Amino acid sequence: MKTKRLLATVAMLAAGSGLVACSSDEGGSDASNCTNSITKKDLPVVTMWGWYPNTQLVVDNFNKQNNEVQVCWTNVGQGSDEYDKFQTAISAGTGAPDVIMVEADRIPTFQIQGALVDIKKYGFDAVKANYSDGAWKDVSVGDAVYGVPVDGGPVAMIYRKDIFDKYKITPPKTWAEYEQAAQKVKDAGGPLFGDLGANVSALTMALQIQKGATPFIYDPAQPKAIGVKLNDQPSKDVLDYWGGLAKKGLVGTQDQFTPEYISGVINGNYATYISAAWAPGYLTGAGVGKGQDTGKFAVAPLPQWDAANPVQVNWGGSAFSVTKQAKKPDLAAKVAYGLYADKESLTDGWTNQIIFPLNLTALKDPAFIDLKVAFFNGQQANKEVYVPAADAYKGVSYAPFGQYYLDAMTKQISEVIKGSVTGSQAADRLQEDVAKYAKEQGFTVQ
Amino acid sequence: MTLVTEKRAPRAHNESRKIRGKVHLREHLMGWLFVGPFGVVFLAFLIAPLGYALYLSLFQKKLIGGTSFVLFDNYVKAFTDPSFLSGAWFVIRFSLVSIPLQIVIALALALILDAVTTLFARFSRLMIFLPYAIPTVIGAVMWGFLYSKGFGPLTDIFGLFGATAPDFLSSDLIFYGLLNVVTWQWAGYYMIILYAALQGVDPTLYEAARMDGAGRWQVATRIKIPLIAPALILILVFSLIGTLQFFNEPQILRFLAAGTIGSDFTPNMYAYQQAFSLANFNYGSAISFALGGIVFICVYAFLFFTRKRRSFL
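Line order of the protein sequences matches chains D and E. The first sequence begins at 1 in the UniProt record's numbering and counts up one residue at a time. The second sequence begins at 1 in the UniProt record's numbering and counts up one residue at a time.
Derived from the structure by calculation, the hints contain no laboratory data. Please note that a few of the clues may not be correct.
[What the hints assert, rightly or not] Simulated crosslink set (EDC-like; lysine to aspartate or glutamate; CA at most 20 angstroms straight-line):
| # | chain 1 | residue 1 | chain 2 | residue 2 |
| --- | --- | --- | --- | --- |
| 1 | D | Lys364 | D | Asp330 |
| 2 | E | Lys62 | D | Asp433 |
| 3 | D | Lys418 | E | Asp172 |
| 4 | D | Lys324 | D | Asp84 |
| 5 | E | Lys77 | D | Glu432 |
Keep in mind the model is a prediction, meaning the values are calculated, not measured.
Turn these sequences into a full structure, and let the hints steer you where they fit.
Okay, structure coming up:
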């Protein structure tokens, strides 16, 4: 009898504490559960979500240098994990942080729902000169500015020097050469040459844009009208090309950023890794380029379709936006402008190749340009590859329903990998799918 | 007859009715008092959300044009939506294979453990039940790593025989990959339920059967299984509902196999995607209700058929 009562009490207490735990957890909007510790406790606090590998350092730097406001940081997940949580908070009308890290291609998605604040009136002029016009364009919708640029993602070809040396190949300059080199390595019994990951549809989109595709034509001045062109010839060509490489067994079809893929990169299962300038930061964080792997990586410009007319593209790259739920948008804007903008944070970002900075003080710093990147075995990666790629990047118009588009694309790429459709067919299906969704959402599709 | 009695003793009847009414009221109050806490929680956390979801499912919110009342349009859309239909078809197919498999394994294990009474049997019982004690999420993560071609044990085991390991996360084998995870997780739990039911069977029946010359096999099939039929039906209903609402395992394995497991892999995942990543709570609610309808139909049909069959057992 006694034990029973004891058990009941324990159970009730457990249930009670569970309820308490639930009520105190408001998904990061609450300043009491920061990942970082705030030392200047009497200052107002601004909450922030972000997932850069060195966020802790960046936040500490900001808090140390600032005497007006302190940042409370939570990492609620990388990419779509964070966006899903933000989306839920938008729908709920509560629970969003004051400042949020978003990739440039998602800004229109949140802006169209009225979830972001135009930060132009909160000190834009003071920092305007720190970034290029192109960088501002990526975070703007019309005349309004919805984010402070932090980093860009110029895409290039990371490759294993040891594998290239072993099979006596030089970095391919065109996609035709890329395929030839892949065939050569395969014929010699070598590893896969690259990877077609279904979960990195944003990269596939960038590669389609490189060939000349314009997935979306969207002018926020006319928010109802959108051009959706996902099955034009360049889009089809790129999907057919990668589908073909996968079918011939020249590239793998592993999802990227997974333990499986990362371990494959460490083991030298892939000769190349087509990715953005921020990739090395994530790779080293996951253990690539360490131990026996040290000094085996190098980087070359992205292969081209037409070597005479090279086109550079961007994948990822992010900004800090102020959300509509921020109680003090002026303070939040201060944080957005100030985070990852001080020299120390930026320097840490680019020396460790975590970010490719968009801040001009870093971009024009000879130390940045001439940096001998440790991950690339001392190669001057910025000077040789990334800075020219970033300079030549022309900018893109993104869809206001980016999440749906990229999910739908993931689905089609996995069909291509399965071999149930060709790349061209996948492009047609994608067009049909996304155009239908756009219409359902009230857009007039051209 | 009644009229006569009422006429004969109207007062007494009324009085007794009054007293009975008082007792009734007190009983009612006590009843409500006991049910109250449960009722509040039930209303607040089950009925109210259900009602709200039903209400949401009758509207449509567009990025351009805002929210409008559309009545059953979302349901019409769901039942013509290939994503929803393919997901529903998948869970139905999955149920047809996974439930019988789990039940057969659970039943076999329960019968064996019931027949054998050694220390080893008790240890085995615990070990078979153990997977259920591991949260499904962690179980799924663990199997994701075990399936891995890069560092899972499968590659080494198959390598010993000079063969390549099957990739259970590929689109061809994901069905079996998930089947294994689910069976591993739940068979032990069902085994415990069946084992408990077996413990409730009167042992004198076995003795009587043995005296009539029944062997162990006959005791099992003619006595034990028919007597635990209610428990079998219970776990069948549990597993049917659970499998049709399949969510945790594919959602976790999705991170390791995003290409294979799409966001619309099962209806529940599709509802989740619509609601939480595309902010379409209206359609998400409609999908959930449509799924609820499918679950209801399947369970009803199952109970309908087993009711008939039970008389044969």
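Status of the hints after comparison with the structure:
Straight-line distance between C-alpha atoms of Lys364(D) and Asp330(D) comes to about 29 angstroms, which puts the hinted pair past the 20 angstroms bound. For the suggested pair Lys62(E) and Asp433(D), the alpha carbons sit about 16 angstroms apart, so the restraint of at most 20 angstroms is met. Proximity of Lys418(D) to Asp172(E) is assessed by CA-CA distance (about 9 angstroms); at most 20 angstroms being required, the pair is judged to hold. For a cut-off of 20 angstroms, the pair hint linking Lys324(D) to Asp84(D) stands: about 17 angstroms separates their Cα positions.
With a C-alpha separation of about 16 angstroms, the suggested pairing of Lys77(E) with Glu432(D) holds against the 20 angstroms cut-off.
The structure shown violates just one earlier hint, number 1.
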